[in-house]
Each structure stands twice: as C-alpha cells, then as structure tokens.
Amino acid sequence: MGLIKIALAGEGGQGVQSVAEIIAEAAYNEKKQTIYIPNFGLEQRGGVSIAFIQVSDTRIGAPKFNKADVVMALSERAIERTAAYCDENTLFVYDSSFKINKEDMPKKAKRIIGLPAIETANQKLHPRVFNIIIMGAVIGLINVVNFDSAKEALEHKLGYKFEANPELRTLNYKALEIGKQLAEKSLQEGVPSNA
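Those letters in the sequence shown? Residues 157 to 351, by the working numbering.
Mixed in with the good hints, there may be bad ones.
Pairs of lysine-lysine residues, derived as DSSO-like cross-links and limited to a Cα-Cα distance of at most 27 Å, are as follows [said to hold, decoys possible]:
(1) 255 with 266
(2) 317 with 280
(3) 266 with 220
(4) 223 with 258
(5) 187 with 220
(6) 313 with 330
(7) 266 with 341
(8) 188 with 313
(9) 341 with 307
(10) 264 with 280
(11) 307 with 280
(12) 266 with 223
(13) 255 with 220
(14) 264 with 341
(15) 317 with 307
(16) 280 with 341
(17) 341 with 330
(18) 307 with 187
(19) 266 with 313
(20) 266 with 188
(21) 263 with 187
(22) 258 with 341
(23) 187 with 330
(24) 330 with 317
(25) 223 with 280
(26) 280 with 330
(27) 264 with 223
(28) 341 with 223
Quick list of simulated restraints, FRET-style, between CB atoms [unchecked claim]:
(29) 304 with 259: 16 to 26 Å
(30) 187 with 275: 28 to 38 Å
(31) 341 with 278: 17 to 27 Å
(32) 341 with 319: 27 to 37 Å
(33) 255 with 312: 30 to 40 Å
(34) 324 with 219: 30 to 40 Å
(35) 184 with 223: 19 to 29 Å
(36) 264 with 319: 44 to 54 Å
(37) 222 with 284: 12 to 22 Å
(38) 259 with 321: 19 to 29 Å
(39) 244 with 270: 14 to 24 Å
(40) 275 with 215: 17 to 27 Å
No lab work stands behind these hints, which were simulated from the structure alone. Please read all numbers here as calculations on a predicted model, not as lab measurements. Cβ atoms here follow ideal geometry from the backbone N, Cα and C, with glycine treated the same way.
Work out the full structure: start from the sequences and follow the hints.
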C-alpha cells in the first residue's frame, strides 16, 4: 500500500472531521499506521474546515504534508483552499452538486472527478448522510481501508445514535455503499483530468 495522504475539506458542519476520524480509526483497527490532524480554521464563523489524514503500512515520518494523493473538496470555497495541496500525482475530487467555475479547479492534478454527493444524499437518502457518502467515495477511490473496517469504525463512532434509532444504521451503511459505488463508477468511466 505505501503511504497515502488525504486532505478532506468542507464547510463547518459538513462532518469533514468526523469522516477523517472514522477513516483513521478504521486504518488503526487494520493495524496500519495512521495520523489525523484537524484544521478547523474559522469554520464556526463560516470558514473552511480541513482534515489531513495519512495511512501507511510502515512508520509515518512527518505529521504534515504539502501535497496529497487525494483531495476531496466538499464546497466551492474548499476547492480554492485545497488547490495548493495538488500536484501531478493528486486525485482531486469535488462535489459536482455545486456549479463550479472551471477556473477555480486546481491547475495541477493527475485527475479531477466530480461526484454528486449532496445531490445523491438529498434525492436517495437524507441530507445528513452526505458526509458518509464522501467517506464511501474515499474507500472506493483508493481502498485506504476495507469496507468492513469502515463500517465497524462507523458503528463505534455513531453506535449510540444507532441504538436510539436503528433506521440510522441502515441509512449510514447505505450511504457508505453508495459513495463507494459512485467512486468506482467514476474511475471506470476514465474521465481525463484537465480535459
């Protein structure tokens, strides 16, 4: 597997940090080395929140990184904030539910993929599980952790809510699966990056 560096970014309240925590826990449960660093910025005042995650089979040398293997931008402003973490090896993923100006996209990226996460959550599931769709997409794109480990970590994080409302468990697991499928489909379609 080697070292995988991921930057997740979105508006405050989108659950970016929760997704990062769950991925890091799933990696840890698989006996992988993992580091998760939250960057809250001013998201409580409407700023962009970024989560930095590293996962590796071997010891991770530094807690921070300059360029990511995968960047996931979940809002228009997150695209601007994360462009600096992209280079020719980066898979850049954005939420295509937003109307995005092509000029705002990173100039360097191995590939740019649009996933309709918010739209899918709103139409097929529930708006609150859009971040779990994103988590499923991360797994579908790069297999950073296996699907069962992700479900187990999700259960650990949200189990108390699931006990109170069992329908939430089904909803979150379905969101995870849909995100994974969306990502796998986008990879198979093979859309070039800056076409």
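Evaluation of the provided hints:
{"no.": "1", "hint": "255 with 266", "result": "22 Å, holds"}
{"no.": "2", "hint": "317 with 280", "result": "21 Å, holds"}
{"no.": "3", "hint": "266 with 220", "result": "21 Å, holds"}
{"no.": "4", "hint": "223 with 258", "result": "21 Å, holds"}
{"no.": "5", "hint": "187 with 220", "result": "21 Å, holds"}
{"no.": "6", "hint": "313 with 330", "result": "16 Å, holds"}
{"no.": "7", "hint": "266 with 341", "result": "18 Å, holds"}
{"no.": "8", "hint": "188 with 313", "result": "19 Å, holds"}
{"no.": "9", "hint": "341 with 307", "result": "21 Å, holds"}
{"no.": "10", "hint": "264 with 280", "result": "33 Å, violated"}
{"no.": "11", "hint": "307 with 280", "result": "20 Å, holds"}
{"no.": "12", "hint": "266 with 223", "result": "12 Å, holds"}
{"no.": "13", "hint": "255 with 220", "result": "31 Å, violated"}
{"no.": "14", "hint": "264 with 341", "result": "23 Å, holds"}
{"no.": "15", "hint": "317 with 307", "result": "14 Å, holds"}
{"no.": "16", "hint": "280 with 341", "result": "17 Å, holds"}
{"no.": "17", "hint": "341 with 330", "result": "16 Å, holds"}
{"no.": "18", "hint": "307 with 187", "result": "16 Å, holds"}
{"no.": "19", "hint": "266 with 313", "result": "33 Å, violated"}
{"no.": "20", "hint": "266 with 188", "result": "26 Å, holds"}
{"no.": "21", "hint": "263 with 187", "result": "36 Å, violated"}
{"no.": "22", "hint": "258 with 341", "result": "22 Å, holds"}
{"no.": "23", "hint": "187 with 330", "result": "26 Å, holds"}
{"no.": "24", "hint": "330 with 317", "result": "16 Å, holds"}
{"no.": "25", "hint": "223 with 280", "result": "34 Å, violated"}
{"no.": "26", "hint": "280 with 330", "result": "10 Å, holds"}
{"no.": "27", "hint": "264 with 223", "result": "11 Å, holds"}
{"no.": "28", "hint": "341 with 223", "result": "25 Å, holds"}
{"no.": "29", "hint": "304 with 259: 16 to 26 Å", "result": "41 Å, violated"}
{"no.": "30", "hint": "187 with 275: 28 to 38 Å", "result": "37 Å, holds"}
{"no.": "31", "hint": "341 with 278: 17 to 27 Å", "result": "19 Å, holds"}
{"no.": "32", "hint": "341 with 319: 27 to 37 Å", "result": "33 Å, holds"}
{"no.": "33", "hint": "255 with 312: 30 to 40 Å", "result": "37 Å, holds"}
{"no.": "34", "hint": "324 with 219: 30 to 40 Å", "result": "33 Å, holds"}
{"no.": "35", "hint": "184 with 223: 19 to 29 Å", "result": "24 Å, holds"}
{"no.": "36", "hint": "264 with 319: 44 to 54 Å", "result": "46 Å, holds"}
{"no.": "37", "hint": "222 with 284: 12 to 22 Å", "result": "33 Å, violated"}
{"no.": "38", "hint": "259 with 321: 19 to 29 Å", "result": "43 Å, violated"}
{"no.": "39", "hint": "244 with 270: 14 to 24 Å", "result": "19 Å, holds"}
{"no.": "40", "hint": "275 with 215: 17 to 27 Å", "result": "40 Å, violated"}
When held up to the earlier numbered hints, the structure conflicts with 10, 13, 19, 21, 25, 29, 37, 38, 40 and fits the remainder.
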